[in-house]
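Each chain is listed here by its residues.
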Amino acid sequence: MAFAAHKESFAGRVYEMAAGGAGQAVFGGASALPLHLFEGPVPNRPLIAYEIQDVFPDDWPDAVSSVYKDVSHDPAAWAGFCQDELKAKAIALRLIGTHPDREDRTPDEAAKTVGSVLDSISVPLIILGSNSIEKDGPVLIAAAEAAKGRSCIIGKAQESNYKTIAAAAMANNHKLIAMSELDVNLAKQLNILISQMGFDKERIVTDPMCSALGYGIEYTYSVCERIRLAALAQNDPTMQQPMLGDVGMHTWKVKEAAAPEPDMPLWGAERERGIAWEAVTAAAVLLAGADMLIMRHPAAVGALEKFIDELFTIKG
Amino acid sequence: MALSGIEIFKLLPKTNCKKCGHPTCLAFAMKLAQRQESVDLCPDISEDSRRILGDAAAPPVRPTALGFGSGAVKMGEETVLFRHEKKFVNPCALAVEVKDTLPEDEALRIVNDVLTSGIDRIGQRLEIDAIVVTNASDDPAVFEGLVRAVAAKAPDIPLILSTGDPAAAEAALKIVADKKPLLYGADDSNAELMAKLAVAYDVVLGVRAKGPEALSALTEKIRALGVEDMVIDPGPAGAAEILRDNTLIRRAAVKKNFKPLGYPVITFAQRDDQMLETLIASLCIAKYSSIVVLSGAERWRNLALFTLRQNIYTDPQAPMQVEQKIYNIGEPSEDAPLIVTTNFSLTYFIVSGEVENSRVASRIAIMDCEGMSVLTAWAAGKFTAPRIARFIEESGVGDNLKNRELIIPGYVAILSGALEEKLPGWKITVGPREANALPAFLKTLNR
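Same order as they appear, the protein sequences are chains A and B. The first sequence begins at 290 in our numbering and counts up one residue at a time. The second sequence begins at 278 in our numbering and counts up one residue at a time.
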């Protein structure tokens, strides 16, 4: 009995998207299972964006905040450092300081930050709210206006606030991140709701909600796999949006990523452990279908880029 | 592909005799197709049919053991490509390589790292499962010496003997054959001699060829030489080929029941860059390798890979659970807060993490709710006032407290009245809905 390679091709295809202007940082577009270059078109590498925020990152563990200690007091300097020194292909600005439980910065202040960051970079910008359902609406309206003409990706629109945020994205010609909570059907439903507002479904990025390694990554992993299978095998246009893995935020708050080695001697070197925690989480969501990742540590991003290099090199 | 119910039905006697315990042969056939019954229950089936059904019922990836006795690692038996379809069965073994070109004390230091690699996580013991001893010296005597030293230092851990030289293989097998090592390996140049050794010493044979097609031809040849148990290596040159080869092999086995590739896969993940190696190993864990070979047993990497393996191999239908008991965070005094929640592992992790962040020494009463989260358990009648009250009383935790106060999750605030009735002498306090509000809540508790 001879071996016959059982290759799978699909009618469905993930929408291809450019962050920023045309031709800038293109991602998505595959008509094959994640990274299955051997059996179908995977035209673009996954895009990794460096995460920065509008306030000093005193909520990040030292292992990662120390990398940015000279620039993180100023979001524009921080963004410039990521672009120029770390060769970031995109920047993700999280307006965490607007959260009512934190600095409670105003939409106007957020808009100024967005403006100064955009002035300091030429790579595409992703603009994220603070995940406050009430506050993200006004903050992202102001941010979207401040970024008009720069074709950003803004988010995250959720079931309870998507109308305001989608309208702000549409009015200012930005793309939109739609986030639902670890459920294939909720992800699909939110895409449908946003499309029904007249928002172009090919300008939506789906965030099925990331989780950290050891803290529910298996849920994210399987939801991503199922969304991608629906996009490809069922050719479902409401599931063909490229997917986002918001990795850094979820990984750097878990104990394993940041506990000092003297506290946890069985867990090994603190520096490598934190980087590995972020990189392995990112690799898992990549293998499950993420097209875009948001990450924090340059060494984790560096390892991912090498990993992606290998995944895009077929020799034999 | 496994046989359909109708195909199986055609092979049965069609007498509807009910001796198998099912009303009709068709009903029995359907159970067989779902692998829920054994064909042995039918007393009247023909020998031919029994053989056909036996072959078809065999798991598409052959069950194979690495090592011996209680330390043996089960491999194979996988039935799906995606973990949401059905639980991945046997978590892959993580192995660390020692080469016989290393100075012996250096090699034994790595062996010691392996022996001390164990950690406990959610009630599971996680550790490096096996050691690969590689004959990089090309000298059988040197190889034999290191195998002897490793086996003496680590007598219970499964061994993988990596050599293409039958003389070196036999020298090593003479020492450790009773430990049922994996002999890796056979290739096109040495298949007959290696197969002979595998049969003579009754060990699993690792088989290597470039790509699934050449590999399947080689396993067929070796099977004809009398070797039943194999572990296969398609020799991928990089991550793209690991993903390609492992996917094509798993598909051939699971979707086509293609026996020549129905064996566990071994993948060598070593890279000069340790972080890249960690990601290559992650790919192997997620995508179908049964043995992943690493260059060392660094603790930071072990923790990440053990955790990923545990997560990927979790049953998607059965949430991870932690043990029901009172967990101390820090060193709680008799004034420390007592928080109750359910035993869904994520609930436990997130709540305990936030309590740790608060730096307020506390007790967390984790109650067995079959691994459900708070709201699900409440809705399912598992996390109710009478049950919580009984758990708290039986735990005896009240004896450690000066003031009997129990903090309940904000989502079940509705239970506070009933709980005060069921727990006389206790004060019930409603905590925050979300765990991330716990640090602020604990700091403002007035004590």
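Hint data in this document are derived by calculation from the structure and do not stem from the laboratory. Hints may be right or wrong, so weigh each one.
Dumping the calculated DSSO-like pairs for lysine-lysine here, alpha-carbon to alpha-carbon at most 30 Å [said to hold, decoys possible]: (1) B:536 / A:544; (2) B:720 / A:296; (3) A:542 / B:536; (4) A:544 / B:364; (5) B:536 / A:296.
Consistency of the hints with the structure:
Proximity of residue 536 of chain B to residue 544 of chain A is assessed by CA-CA distance (about 44 Å); at most 30 Å being required, the pair is judged violated. Distance check on the hinted pair: residue 720 of chain B and residue 296 of chain A sit about 58 Å apart at the alpha-carbon level, beyond 30 Å; violated. With a C-alpha separation of about 46 Å, the suggested pairing of residue 542 of chain A with residue 536 of chain B is violated against the 30 Å cut-off. A threshold of 30 Å between alpha carbons decides the hint, and for residue 544 of chain A with residue 364 of chain B the separation of about 27 Å falls inside it, so the pair holds.
Of the supplied pair hints, the one linking residue 536 of chain B and residue 296 of chain A holds, its CA atoms being roughly 18 Å apart against a limit of 30 Å.
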